[in-house]
Each structure stands twice: as C-alpha cells, then as structure tokens.
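Turn these sequences into a full structure, and let the hints steer you where they fit.
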Amino acid sequence: LQALRLHEHPNVQPRWQRLLELDAVEPRRVVEAMKDGVRLRPISQTFKSDAVTVIRPMLPMPSIVEALARSFFHEGKPYDFDFDFSRSDRLVCTEVVYRAYEGVGETRFELKHRVGRLTLSAEDLLRMAIRKHVFEPVAAYAPGYTSDLVQGDMANQVLCKTVAPAD
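Heads up: the sequence shown begins at 50 in my numbering, then just goes up one per residue.
Hints listed in this document are in silico derivations from the structure and should not be mistaken for laboratory results.
Watch out, some of these pointers could steer you wrong.
[Claimed, not checked] DSS-like cross-link-like pairs, simulated, lysine-lysine; straight-line CA separation at most 30 angstroms:
| id | residue 1 | residue 2 |
| --- | --- | --- |
| 1 | Lys-210 | Lys-84 |
| 2 | Lys-181 | Lys-210 |
| 3 | Lys-97 | Lys-126 |
| 4 | Lys-126 | Lys-161 |
| 5 | Lys-181 | Lys-97 |
| 6 | Lys-161 | Lys-210 |
| 7 | Lys-126 | Lys-84 |
| 8 | Lys-97 | Lys-84 |
| 9 | Lys-161 | Lys-97 |
| 10 | Lys-84 | Lys-161 |
| 11 | Lys-210 | Lys-97 |
| 12 | Lys-161 | Lys-181 |
[Stated by the list, open to error] Label-pair restraints from in silico Cβ distances:
| id | residue 1 | residue 2 | range |
| --- | --- | --- | --- |
| 13 | Arg-163 | Ala-52 | 17 to 27 angstroms |
| 14 | Lys-210 | Gly-125 | 14 to 24 angstroms |
| 15 | Gly-201 | Gly-165 | 36 to 46 angstroms |
| 16 | Asp-138 | Gln-62 | 32 to 42 angstroms |
| 17 | Leu-160 | Arg-67 | 26 to 36 angstroms |
| 18 | Pro-59 | Ala-213 | 36 to 46 angstroms |
| 19 | Gly-165 | Gln-51 | 41 to 51 angstroms |
| 20 | Lys-181 | Ala-213 | 34 to 44 angstroms |
| 21 | Arg-105 | Met-83 | 13 to 23 angstroms |
| 22 | Arg-157 | Arg-105 | 17 to 27 angstroms |
| 23 | Val-74 | Asp-99 | 21 to 31 angstroms |
| 24 | Met-203 | Arg-67 | 14 to 24 angstroms |
Each residue gets a CB set at the ideal place from its N, CA and C atoms; glycine is no exception.
What follows is the structure, given as structure tokens:
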C-alpha cells in the first residue's frame, strides 16, 4: 500500500497509523462494516464466518487505489441498521463496496428496490463476480458445497450453486 502511495491520500492519512498497528495482529486487513460500525479489521476476523467469499476488482491499479482511498473515508462511521443507501453517514457492509467503487472508472452498480429502499445486496455483488463484471471470484468457503476453501474456477462453480438467480 505504501508503494502505491496510498498513505499519502487525505482519506488515508488520519487512519494510516491504525492500519500499521493492525500489522502486529495480522498483515492483511479489510475495511468492513459490521454491527459495531465501519472499521479496519484483521482479515482473520472476517474469516470467522459460517461462509466466506472473496471477490477481487478487475480494474487497473490506479482505480483500485482510488477505491481503497474512498473506503478509508468511511472508516469509523456507525453501522446502518436501516439499510438506507440514500445517506452516507452510516453504512452497511455492501454499502462500503458501493461507496468505494461507484463511479470509479466505468464501475456502476444497479441498486434495487427492496422493502421500500434502494439497496445493493451481497448476492448482487456475487452475481457481478460470477459474470466477471467489475469483480471476479477469488475464493469461496460454503459448507454443504465444499469442505475447504476453494479458489479460482472452483470458487466460481461454488458461487453458481449457492447464489440465487436475480430477482
């Protein structure tokens, strides 16, 4: 991240020390929204889930750096239990991805009306990865479909079995 000069971005500068402190716990980190809010977390915390999918943006590195910097801007905000994408002062997990990547390069998300609100679900993101639209599947762990973490084409196959068709 330092070689990409991410630490110099104004969104990242106030959070850079926190990122470095996480290196002592786990050198791989994520910006993630959970019930305690949008936080920098060790990736090992994220993997303590019943099922996990890793998707990667298929964008040029400058666009990925821009999206990462945008994600850092939201670190510290509370979780949005109302799932309201019309405001950005609190966010849900998929909204972190939406706010980071929307408009970066040609990236556009189709928000869908659910329960009276425009939203982006995790399955919407996974469908994008299956189609290799902006994102691609990297790894998946889904008990009942695989006993181990699978990668690459096998991850895509697992997603195709577990992700419901579009509404």
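Taking the hints in turn, this is what the structure says about them:
no., hint, in the structure
1, Lys-210 - Lys-84, "holds, 28 angstroms"
2, Lys-181 - Lys-210, "holds, 16 angstroms"
3, Lys-97 - Lys-126, "holds, 22 angstroms"
4, Lys-126 - Lys-161, "holds, 23 angstroms"
5, Lys-181 - Lys-97, "holds, 26 angstroms"
6, Lys-161 - Lys-210, "holds, 22 angstroms"
7, Lys-126 - Lys-84, "holds, 11 angstroms"
8, Lys-97 - Lys-84, "holds, 15 angstroms"
9, Lys-161 - Lys-97, "holds, 29 angstroms"
10, Lys-84 - Lys-161, "holds, 23 angstroms"
11, Lys-210 - Lys-97, "holds, 22 angstroms"
12, Lys-161 - Lys-181, "holds, 19 angstroms"
13, Arg-163 - Ala-52: 17 to 27 angstroms, "violated, 40 angstroms"
14, Lys-210 - Gly-125: 14 to 24 angstroms, "violated, 37 angstroms"
15, Gly-201 - Gly-165: 36 to 46 angstroms, "holds, 39 angstroms"
16, Asp-138 - Gln-62: 32 to 42 angstroms, "violated, 21 angstroms"
17, Leu-160 - Arg-67: 26 to 36 angstroms, "holds, 30 angstroms"
18, Pro-59 - Ala-213: 36 to 46 angstroms, "holds, 40 angstroms"
19, Gly-165 - Gln-51: 41 to 51 angstroms, "holds, 44 angstroms"
20, Lys-181 - Ala-213: 34 to 44 angstroms, "violated, 19 angstroms"
21, Arg-105 - Met-83: 13 to 23 angstroms, "holds, 21 angstroms"
22, Arg-157 - Arg-105: 17 to 27 angstroms, "holds, 18 angstroms"
23, Val-74 - Asp-99: 21 to 31 angstroms, "holds, 22 angstroms"
24, Met-203 - Arg-67: 14 to 24 angstroms, "violated, 35 angstroms"
Comparing the model with each numbered hint stated earlier shows that hints 13, 14, 16, 20 and 24 do not hold.
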